[in-house]
Amino acid sequence: MPPLDKRIKKFLKNSIRVAPKISDKGELAELRAGLVSQYPQTRKDAIKKTIQQMTLNKDVSTLFPDILKNMATNDIEQKKLVYLYVMNYAETHPELCILAVNTFVTDAQDPNPLIRCMAIRTMSMIRVDKILEYIETPLRRTLQDDNPYVRKTAVICVAKLFQLNKDLCIELGVLEDLQSALDDSNPMVVANATASLSEINDMDPNVIDLKTLIQSHVSQFLMALNECTEWARITILGALSEYSAKDSLEAQDIIDRVTAHLQHVNPAVVLATIKVIIKNLPEVEISANGLTMKKLSSALVSLMSSPSEMQYVALKNIRIILEKYPEILSKELRIFYIKFNDPLYVKVEKIDILVRLVDPTNLKQCALLLTEMKEYSMEFEPEFVSRAIQGLAQLGIKYSDERFVQKILDTLLELVERDQDSIKDDCCISMCNLLRHSPSNEKLAEQVCSLLNSWSEPDAILRTDSAKCNYVWLMGQYPQFFPSLQAKMDIFVKLFKQEESLTQMSILITVVKLHSKLPGTMLQHVLELATQETNELDVRDMAMMYWRCLSMDNSEQLVNDLCKTIPPQIENTLDKFSPELLEKLLLELGTISSIYFKPQSDRRRRTITYQNIVKGKHIDELQDLAKNEIESKGNNDVLLDFDDDDDNGEGDDDDDIEMNSTSNGNSHLADLDDLFDFGTAPTTSEINNGVSNLNIRSDSSNTQSQNNPKLSSNTQDLLELF
Amino acid sequence: MKTRHLKLFNSYVPYQSENPRNLVTNKVISIMASAVYFCDSKGYPLLARRYRDDIPISAIEKFPTLLSDLEEETNLVPPCLSYNGMQYLFIQHNDVYLVAIANSMSANAAQIFAFLYKLVDVLGNYLKTVEEESIRDNFVIIYELLDETMDYGIPQITETKMLKQYITQKSFKLVKAAKKKRNAARPPEALTNSVSWRSADIKYKKNEAFLDIIESINMLMTQKGQILRSEIIGEVKVKSRLSGMPDLKLGINDKGIFSKHMDDDSLNNEGASVASSTTDKKKNNIELEDLKFHQCVRLSKFETEKIITFIPPDGDFELMNYRLSTSIKPLIWCDMNIQVHSQSRIEIHCRAKAQIKKKSTATNVQIIIPVPEDADTPEFKYSHGSIKYVPEKNVIIWKIRSFPGGKEYSMSAQMQLPSIGNIEEHKAKRPVQIKFQIPYFTTSGIQVKYLKINEPKLQYKSYPWVRYITQSGDDYTIRLT
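Taken in order, these protein sequences are the chains called A and B. Numbering-wise (the UniProt record's numbering), the first sequence opens with residue 1 and increments by one. Numbering-wise (the UniProt record's numbering), the second sequence opens with residue 1 and increments by one.
Don't take each hint at face value.
[Stated by the list, open to error] Sample of chain B residues with no beta-carbon within 12 Å of chain A, all distances over it, derived: (1) K164; (2) Q226; (3) L319; (4) R323; (5) K388; (6) M415; (7) P456.
[Unchecked claim] Chain B side only, calculated, beta carbon under 8 Å to chain A, not exhaustive: (8) D69; (9) E73; (10) L76.
Worth flagging that the hints you see were computed from the coordinates, not collected in a lab. Yeah, the Cβ is synthetic: ideal placement off N, Cα and C, and Gly gets one too.
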């Protein structure tokens, strides 16, 4: 018995080697056999299995020629499968698709519209510019097809073509066809043409004049709107929201014509309709607005019974709309009450809307919301609770009545006393905000301070920078209510270096402000810390300034003047958009940018990336490329196999490989040549050429196999190799 | 000198290109997703369809890390994530994520989510359930559907009934595959017609239409019986088994729909509309809010004439839904009394009352009462139904199969609490949830007055059927204090 470690080694060696390769090679061979089987059903199954492997990220590109042989079939299901396969490799192995180009051209004339569509759709996805040239005739023909199903596919192909090769697209003149598709009798074609045009406009705004096009087709759009699929409606509504009405009459007309779509079951249609209405609303006379507003309101409310993700988008958009039309949902507060099974991201947004929505002149509503918020602040999800506590303060500041503020403060105090550390930060900030709102109310201040004073280690209890900053600020503002002021300040000063900028600043200001109440050494110490030990420039500058002031003759007076200024009473803690931002956001309702409140028009326009486009190669060259790639793959399969089998007999190997790969390659070549009928039949010299290529390659088989991964991914490399 | 000249030239360019065309705002109408992925519960891709190549192939590989990184930090995971200029929008269904990636912020998020939901719906019709296993078993058909439902990121056709006519791959879960005529798979003529949801050659021996009116009640109550929020969400579902291209007209007792011709002006005048609503109540008409209609309903006709007319798709579909936020009293009310004797036991008393008409009966009533996680050894006393303790969910469920109107049932439960530990902990305060169904009854009082079926060519006799049911919505709860 050999020693254990050797046994383990041997075991590992065997298992590592054998497992992947056998299955890999075996499966490919098996699939290949299936693909060329004489029984149609077996072939079809093999194609399905190949697609399965492809989905599992296995490289089955070597089967390309075998799959293609199954393309010319009357069985439409099988044809679809082949197209699926081809489409998948259209992206990663564009050069392989050249092998199928002939079939594409034929299929684009098939009597079955489904096949015509598949052909044109696939063709326009292949990133080889020479192939794109073959697209001209099929694309033109399908753009004028009798069948609207084909036309609606073809109009999108124009945008795809444009992305792949703008110049060619312009040269072919299909853009004109695309523009005239806006007048198509079929609404789906109109919608897709619109989408396609807007895509093109997005890639290059100078090619077509989208705005004028939309302008001249408004009536067509409004007509088509009632007759097309939900998705087409969204596109058309999108186009309408780009259009600025000429006068109030037209704006009113547009509103009237689209309003019906507020009642569509698809929430995205509803949101697109809302966008069109909001765009036109400022143009119309105010007297007619009441009814429209009512309808908008109920449409917004209805979005709250859509799936959570949709609610999330809706809530973000409601936030934007509310800022423009604050009264729009004033009667619908309860709709935004939190449901216990709402996901967290919806809950948090709902609180935001609730606080914004509540009518500050309506005590009953505010009181109701207060109890509701109190309920939320006793939940357990920290993010939600934190938002609810902030919401409480915002509510108090919004309603502003002193008794109400007192009530809110009581609630907050109660919360703090529940002795749950995680909420103390938010409570501290919220209470300080309330005090900033009613600075003259000493009673409130006393309550807050006496509670906060009871914390023996505020620096350990509070975790965030802004909470600590608020705590220190409070001490500076109401030193009389902090019996243990000096001890508390000591703690903060001791940890000065570890604090973040807001707290450092706050400590500095407070110490300066209270320098007469605190020992002089502390002032000196803090000024030193703030000038020498901090990395925060603002803090350092501030400290310098104070230091100068303090060293002047009338320092006492000066510092008092500096510190005595009473901060302005805060009226509102709800953030607002700037008017420009708001207008931009209103035009982008429903988009991702409306979720982040970052209008797209502010940012750099999206860059179009062309990946993997094979350019500037002749079609023969591409054919060779394709052949070579498959051959090399075929070779490598075999090579690896041989490597595996032998451990020491490298000397004899070369011949074997050469033999094997040549024959292998030959059979491939023959296969491939069957597929090509670009006019001239392949001459024997071409084959010979191929074979000689192969010989060269198999001589350098070692380098080849190392380069294998690169080969398959990058054709450029491949070319250089020759 | 050279550089300077260049600079000047450069700065001159924007001025030069100042033709009216360039002033067009470059906003985008409907940018959609660049790719759609099905991912497993961890976020690793199972299947992908890339519609455009403007995102790197590796983009999806970041998704699982994005998810797990975020989940580590917080519970707050929004349905859209942004990374490296890529926008990931996703929904969850069973154990899979459906992820759409867009490379621009101007992608229409609402449309993407709506599409993903629709996609689940379509796939559900083909695969029965959409889950990891069924996706793995049905790659081919999913690819086909993905190609048909979306092209270049623009949603196309999502009507399952129509798709089934030309996407006929057998799926593994599908019990009865669509009848397959060899090589007959062509896009149905109707697909691009204005009636894109129905083909003309449907035939039935007996022509019937079934209407189901289902109202779901969402209600949030306090333990004292105060109602914090209540709403009725109604759905009208239709099962159409009608030949040809029938035109249907539905009449319901909605105030807005019926009184339209009587008080045309009332809509413009708040006062008048309030006045008319009181008179209408006598006539037993109700006012539905937020009506939402299926694709097939002629919306503009409804908008102008308040008539619901449509050519239905074949088979089952949801014709319309509506919402009412009128305050209603609880249909099933539970008087809860919970006493926690810390470190020894918890006592629960519950008196349930069916506050509905005597002749109605609530069925399948479930009262789901939360109990502390560490409670054990439950003891129950009850007069009706059955009680079960479900430790996985930390609840006890009281089931009452049949609960006649006006009756009152009660139960009490006692559970032991561990004597040690149990420091005042802050757990989710879960509400009591109640589920029920009340057949032959609608809370809003909605009634179908008529359903006229007219097939102009075939002129057959047809039979409309109506059924009403009220049930609890997903949020019929009593908040415990």
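Status of each hint after checking the structure:
no.: 1; hint: K164; result: holds (14 Å)
no.: 2; hint: Q226; result: violated (10 Å)
no.: 3; hint: L319; result: violated (9 Å)
no.: 4; hint: R323; result: violated (6 Å)
no.: 5; hint: K388; result: holds (21 Å)
no.: 6; hint: M415; result: holds (21 Å)
no.: 7; hint: P456; result: holds (19 Å)
no.: 8; hint: D69; result: violated (16 Å)
no.: 9; hint: E73; result: violated (10 Å)
no.: 10; hint: L76; result: holds (5 Å)
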